[in-house]
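Q: Given next are the chains, with one letter for each unit.
2 protein chains.
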Amino acid sequence: MTTDLIMDFRSLAKLISKIENNRAGFEDDLMSLYKENSETLTIGITGPPGAGKSSLTDRIIKEYRNLGKTVGVVAVDPSSPFSGGAILGDRIRMSDHASDPGVFIRSMGSRGSLGGLAPATIDVLNLMKSVGFDVLIVETVGVGQSEIDVMSIADTVLLVLVPGLGDDIQALKAGIMEIADIFVVNKADKDGKEKLLAEINMIINLNKHRFLWVPPVVETIATENQGIGRLMDSIADRNSWLKESGTDVKKDKIINQFKHKAMDRIGYEIMNLLNSKGIIEDWTQGIIDGRTNPYSAMHELDKNLEIIWKKDSK
Amino acid sequence: MTTDLIMDFRSLAKLISKIENNRAGFEDDLMSLYKENSETLTIGITGPPGAGKSSLTDRIIKEYRNLGKTVGVVAVDPSSPFSGGAILGDRIRMSDHASDPGVFIRSMGSRGSLGGLAPATIDVLNLMKSVGFDVLIVETVGVGQSEIDVMSIADTVLLVLVPGLGDDIQALKAGIMEIADIFVVNKADKDGKEKLLAEINMIINLNKHRFLWVPPVVETIATENQGIGRLMDSIADRNSWLKESGTDVKKDKIINQFKHKAMDRIGYEIMNLLNSKGIIEDWTQGIIDGRTNPYSAMHELDKNLEIIWKKDSK
Numbered sequence: 544m545t546t547d548l549i550m551d552f553r554s555l556a557k558l559i560s561k562i563e564n565n566r567a568g569f570e571d572d573l574m575s576l577y578k579e580n581s582e583t584l585t586i587g588i589t590g591p592p593g594a595g596k597s598s599l600t601d602r603i604i605k606e607y608r609n610l611g612k613t614v615g616v617v618a619v620d621p622s623s624p625f626s627g628g629a630i631l632g633d634r635i636r637m638s639d640h641a642s643d644p645g646v647f648i649r650s651m652g653s654r655g656s657l658g659g660l661a662p663a664t665i666d667v668l669n670l671m672k673s674v675g676f677d678v679l680i681v682e683t684v685g686v687g688q689s690e691i692d693v694m695s696i697a698d699t700v701l702l703v704l705v706p707g708l709g710d711d712i713q714a715l716k717a718g719i720m721e722i723a724d725i726f727v728v729n730k731a732d733k734d735g736k737e738k739l740l741a742e743i744n745m746i747i748n749l750n751k752h753r754f755l756w757v758p759p760v761v762e763t764i765a766t767e768n769q770g771i772g773r774l775m776d777s778i779a780d781r782n783s784w785l786k787e788s789g790t791d792v793k794k795d796k797i798i799n800q801f802k803h804k805a806m807d808r809i810g811y812e813i814m815n816l817l818n819s820k821g822i823i824e825d826w827t828q829g830i831i832d833g834r835t836n837p838y839s840a841m842h843e844l845d846k847n848l849e850i851i852w853k854k855d856s857k
Numbered sequence: 544m545t546t547d548l549i550m551d552f553r554s555l556a557k558l559i560s561k562i563e564n565n566r567a568g569f570e571d572d573l574m575s576l577y578k579e580n581s582e583t584l585t586i587g588i589t590g591p592p593g594a595g596k597s598s599l600t601d602r603i604i605k606e607y608r609n610l611g612k613t614v615g616v617v618a619v620d621p622s623s624p625f626s627g628g629a630i631l632g633d634r635i636r637m638s639d640h641a642s643d644p645g646v647f648i649r650s651m652g653s654r655g656s657l658g659g660l661a662p663a664t665i666d667v668l669n670l671m672k673s674v675g676f677d678v679l680i681v682e683t684v685g686v687g688q689s690e691i692d693v694m695s696i697a698d699t700v701l702l703v704l705v706p707g708l709g710d711d712i713q714a715l716k717a718g719i720m721e722i723a724d725i726f727v728v729n730k731a732d733k734d735g736k737e738k739l740l741a742e743i744n745m746i747i748n749l750n751k752h753r754f755l756w757v758p759p760v761v762e763t764i765a766t767e768n769q770g771i772g773r774l775m776d777s778i779a780d781r782n783s784w785l786k787e788s789g790t791d792v793k794k795d796k797i798i799n800q801f802k803h804k805a806m807d808r809i810g811y812e813i814m815n816l817l818n819s820k821g822i823i824e825d826w827t828q829g830i831i832d833g834r835t836n837p838y839s840a841m842h843e844l845d846k847n848l849e850i851i852w853k854k855d856s857k
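Heads up: the protein sequence lines correspond to chains A and B, in order.
If you read the first sequence in our numbering, its first letter stands for residue 544, the second for the next number, and so on.
If you read the second sequence in our numbering, its first letter stands for residue 544, the second for the next number, and so on.
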């Protein structure tokens with residue numbers, strides 16, 4: 544079944560820009576719109592560059608559109624810590640969907656150097672959930688901490704790998720391993736597939752005792768539409784499992800959201816406080832002059848910064 | 544010239560573990576050891592998986608060893624947000640250097656889910672600087688925000704790219720662009736080199752007005768030791784430029800360090816405060832029950848959390 548969207552795409556795009564630019568009032572908007580819409584399925588798609596994530600996203604959109612579902616897509620860019628700009632302009636292979644009133648696609652960049660991507664992305668995903676999309680897809684390029692943070696709020700995370708990426712894939716596995724709900728071996732016609740499959744299976748077997756959900760491994764060739772049916776089945780299986788497994792998984796996701804939002808907002812506040820008093824400038828110059836060092840400065844921070852939960856005093 | 548190290552490798556390894564595990568007293572150790580050692584050259588090496596960063600690191604170590612310099616290497620893993628374990632064990636192609644008393648190699652994983660990699664890595668690099676290595680190399684796998692954070696403290700950042708990585712390289716450029724001090728096109732015998740070089744040069748030209756230092760582009764085939772001489776020259780050029788260009792570059796790096804350290808430590812403190820009062824548990828359950836939502840909870844956080852700089856009241 545398809546739910547109606549409570550907002551047209553133009554208004555949605557404007558609200559997302561408001562979130563991205565951290566403009567006054569965006570949180571009030573979110574507060575009044577927020578709906579814990581358990582019917583929305585959020586799919587995260589991550590993996591190293593060159594794995595074919597965009598082609599795969601494109602295929603998944605088509606599958607859900609064939610089922611009559613509305614789809615919202617957020618493509619996250621590791622963009623500049625300085626300019627804050629996003630540049631997914633040239634990745635619009637997804638433009639097939641541009642005229643489809645059931646598909647909304649948005650790319651997101653970083654929101655300044657302090658907050659990082661995760662908090663703003665989480666806000667946008669919450670907004671799109673509340674608007675009532677049947678399916679949300681969040682795609683990230685990269686394999687670092689912020690990708691892990693973003694993925695931690697998705698119901699189902701597809702880790703897209705590709706044969707022959709070299710030894711680095713070894714190094715990636717541990718970090719990304721535990722956020723992968725489904726392993727996708729894309730470009731499965733390339734050399735090195737058997738080696739990659741063996742590595743993935745070894746990792747899964749080694750960690751089996753820790754899993755609540757054992758991640759399946761699906762082979763695809765997204766550009767030729769191969770294996771997409773099996774992938775959709777795996778996503779459906781995962782979704783059923785989530786519904787049956789109760790609220791613990793959900794709770795963890797909400798706690799993760801809190802951490803990112805709270806850190807983001809308090810971080811800004813404290814840096815503003817320290818900047819406005821010239822403390823950062825003073826410490827920095829002090830370190831260059833040899834008057835102090837970073838660890839003494841942190842000690843001073845500990846001594847002088849007091850954090851109070853005011854409700855206690857009532 | 545080579546400076547003497549003030550600590551043997553065993554003691555150094557123990558201190559690093561203390562930092563990684565956030566064990567009591569590590570900051571006091573750092574405070575007493577800290578030395579703003581301007582003679583240490585810190586080189587960051589980053590880029591997407593499969594670019595050949597480890598081979599390149601290996602070659603650079605050899606070059607500096609031939610000059611009689613001591614070299615410390617920190618290899619940063621995007622490791623598990625849950626277990627906190629690092630797994631660079633199988634990447635020890637660098638084991639050539641294992642018996643060399645002038646080379647210290649250490650891999651680092653994440654320090655719990657809150658702090659992220661950047662703060663601990665910065666501490667370890669500060670420690671190794673104070674110990675007196677001539678050259679420090681920090682290698683990260685990935686292209687996300689935490690890689691940008693780690694790289695922001697290196698004097699010279701090599702962005703290692705490789706021909707034929709696909710369209711995603713486009714998406715990477717903006718984020719990583721501004722941290723690249725030297726572009727390395729490795730595996731320069733592969734198809735697609737001209738295209739990649741053209742793309743890099745276009746980006747450099749478009750941004751020329753913003754650069755203080757215009758990043759050179761160096762072609763290498765690390766596994767065959769080709770282009771390494773030119774790369775070493777570029778690193779030396781960059782180093783000379785840094786020395787002449789005064790303290791502004793340095794100041795920015797110190798401010799970056801502060802942000803990460805301060806956010807890290809205050810983040811832990813506040814999450815502990817909220818956890819100890821059962822506030823997070825209460826909010827989480829409230830969201831699941833529909834009593835509240837994340838934005839109302841943040842509003843409550845704003846209202847009730849007070850941050851005071853105590854020195855003001857003296």
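Each hint should be verified, as a subset may be incorrect.
It does not matter which identical chain is used: a pair holds within one copy or between any two.
Straight-line distance between alpha carbons at most 25 Å, and here's what the computed DSS-like set of lysine-lysine pairs gives [to be verified]:
1) K820 x K796
2) K794 x K751
3) K793 x K853
4) K802 x K854
5) K794 x K578
6) K796 x K733
7) K846 x K578
8) K561 x K846
9) K802 x K846
10) K793 x K820
11) K751 x K557
12) K820 x K853
13) K846 x K820
14) K796 x K751
15) K736 x K854
16) K793 x K612
17) K786 x K751
18) K820 x K794
19) K846 x K794
20) K794 x K605
21) K802 x K578
22) K846 x K612
23) K561 x K736
Hints were generated in silico from the structure; no laboratory data involved.
Please read these numbers as outputs of a predicted model, since none were measured by experiment.
Q: When the hints from earlier in the document are held up against this structure, which numbers fail?
A: 3, 6, 11, 15, 20, 22 and 23
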